[in-house]
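Participant: Here are the chains, one letter per residue:
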Amino acid sequence: MEPIITKYVREPNSFTLDFYLQHGGYESLRKALSSHTPDQIVEMVKASGLRGRGGAGFPTGMKWQFVDKKSDKPRYIACNADESEPGTFKDHVIMERNPHLLIEGCAIACYAIGAKTAYIYIRGEFYHVQLVLERAIAEARAKGYLGKNIFGTGFDCEVHVHRGAGAYEAGEETALLESLEGKRAQPRNKPPFPALVGLYGCPTAVNNVETLANVPLIVQHGPEWFAALGPEKNGGPKLYSISGHVKRPGVYEASMNVTLKELIFGEQYCQGMKPGRTLKAVIPGGSSVPILLPDQLDTEASFDGVMKAGSMLGSAGAIVLDDTTCMVWLATNLLHFYKHESCGKCTPCREGTDWLYKLVHKIEAGQGTMRDIDLLASVAANVGGKTLCAFGDAAVTPILTTIKHFRHEYEAHVREGRCTHVADWRARQPVGAH
Amino acid sequence: MSFHPQMAYDATFHKSTRVLADAGPAFEFTAENRARLDEILTRYPSERSRSAVLPALYLVQYQQGYITGNAMRVVAEACKVTPADVEDVVTYYTMFFTKPVGKFVLSVCRTLSCAVNGAERVVEEICNHLHVKPGETDASGTFTLIEAECLGACDRAPVIMVNDAWQELQRPEDIPKLLEELRQHGEAALTGCHHVIEKK
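If you read the protein sequences in the order shown, they are chains H and C. Note that this note's numbering has the first sequence beginning at 14, numbered continuously upward. Note that this note's numbering has the second sequence beginning at 309, numbered continuously upward.
Derived from the structure by calculation, the hints contain no laboratory data. There could be a bad hint or two in this list.
Said to hold, decoys possible - BS3-like cross-link-like pairs, simulated, lysine-lysine; straight-line CA separation at most 27 angstroms:
1. H:Lys358 x C:Lys411
2. H:Lys196 x C:Lys441
3. H:Lys375 x C:Lys388
4. H:Lys287 x H:Lys375
5. H:Lys274 x H:Lys287
6. H:Lys196 x H:Lys358
It should be emphasised that the depicted structure is a prediction, and the values quoted were computed from it without experimental measurement.
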């Protein structure tokens, strides 16, 4: 499939309004405002089968339909640009090189749910991206694509960028809303869902950057075109971020007909592993999903396909690992991440991630016992499913999946009293718990 | 409080160290920052000025380098919340500093994709060169080293964020040169994000 969203990203000045207008920019917004009612847009998105690109894969049209239209409160679009799932870097390229596509998507989404304001919540580390977005918003506003009475249709829409400050948890939709309200990024109890009680207690739709970037395409080409781009219920173009031990890591756009194997070994994609190395495992959807082994990769890289293979597509950020990777070390590395990023609201997660890290670090350092391996699984079982948001499940996944597939490596660590798989790219001195 | 039955539970598992934020020197926004904050406040509904807490804290940090108790009070007044609300926010987010930091804050990504490409060795190299541990500032007050969690540039691993700018594809052997160039030319020495092709 020819790239659609990322077609022009390598061309100079692709982020400017002039460039965007030369390639048919804001025509979808014009079409939506002039010849469709908001409900027709929601129906269109529903018919296209667009699924949320942030991780859960929930149908976007349904999400919009759930937004409470009877409420007399204002409604909001919150765009989730807090791309912090390890291994994910696709929204970055959209915002940096094609920001007007996102802005147009925000405006159409606002029209569809009857909102007048969209907030783009961008992670604090993307400061240079924020500048690009703010410049694009100012350009669009100056030319009347945002602001009051767009195209003379009486539709008003403002888009603002809100910068986060370094919190993985802010990517969870209710935590994002909390952070947008100027509080700690900690999740809320659900229900009520944001569609009923969201930002400032008002009905809100929270959508990922890539999701909103697909909306202008659906309006422009129609839902049938969009659905036909991929397998059933997995339509549309998809951005894959692939990193780790591959020859050519990067963001690749493909239809979801593509297989994980093609993405890793295909000539037009990552071109396989680094010289002399063999594939050991793949984490297909950001760090929070189960590992897939080399023989499980001949599967469609779609939401349903990866699910069938025993993992999740998540944010489509695949981390590819070769034979030099110690799986106990990998679990230690990821648990350090989860321990650091746990927001501290739910006790099982706040305490449990710390315990898990200490245990797995102990095993990695060669001081573990066989009992510790079972203890890991036991602690994990007391965290997963016992928290307000999905963080708890995400945090225990690296432990459970490595024990499931690579228990022999854990046992070797215990037996030999050292890490049995030290690679030359790792720290020379053992890394302490800092 | 209940404990896991098989978990060794010692003092290291529970340490509450509540320290009040240092009041620091007197703080006022510069006229320019005050005007920017007033503009930012217009982006949110008038009764929701609390939303401006994060942007206001960034203004403080750009103006003063770190966020003091006095500055928190000023932000609290501007956003119509209590100083405790502001401190709550400051202490939660990792990008806000409550202590002075070096001129260049080196945040080295340590999460998986960067780690499998040698980020641990990059950290070691910086530690050895600056004689610091992660979290510390070197003796000259120029560099602060931080081990950051995933910065979202996994295809250009390992990546270092220097203040707000990116330095991509760093190998351990690149570090001496990077530090020297930063000393000499500041952030202009950085590669920046590879998506920005206009400047190159």
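Participant: When the hints from earlier in the document are held up against this structure, which numbers fail?
Facilitator: 1, 2, 3, 4
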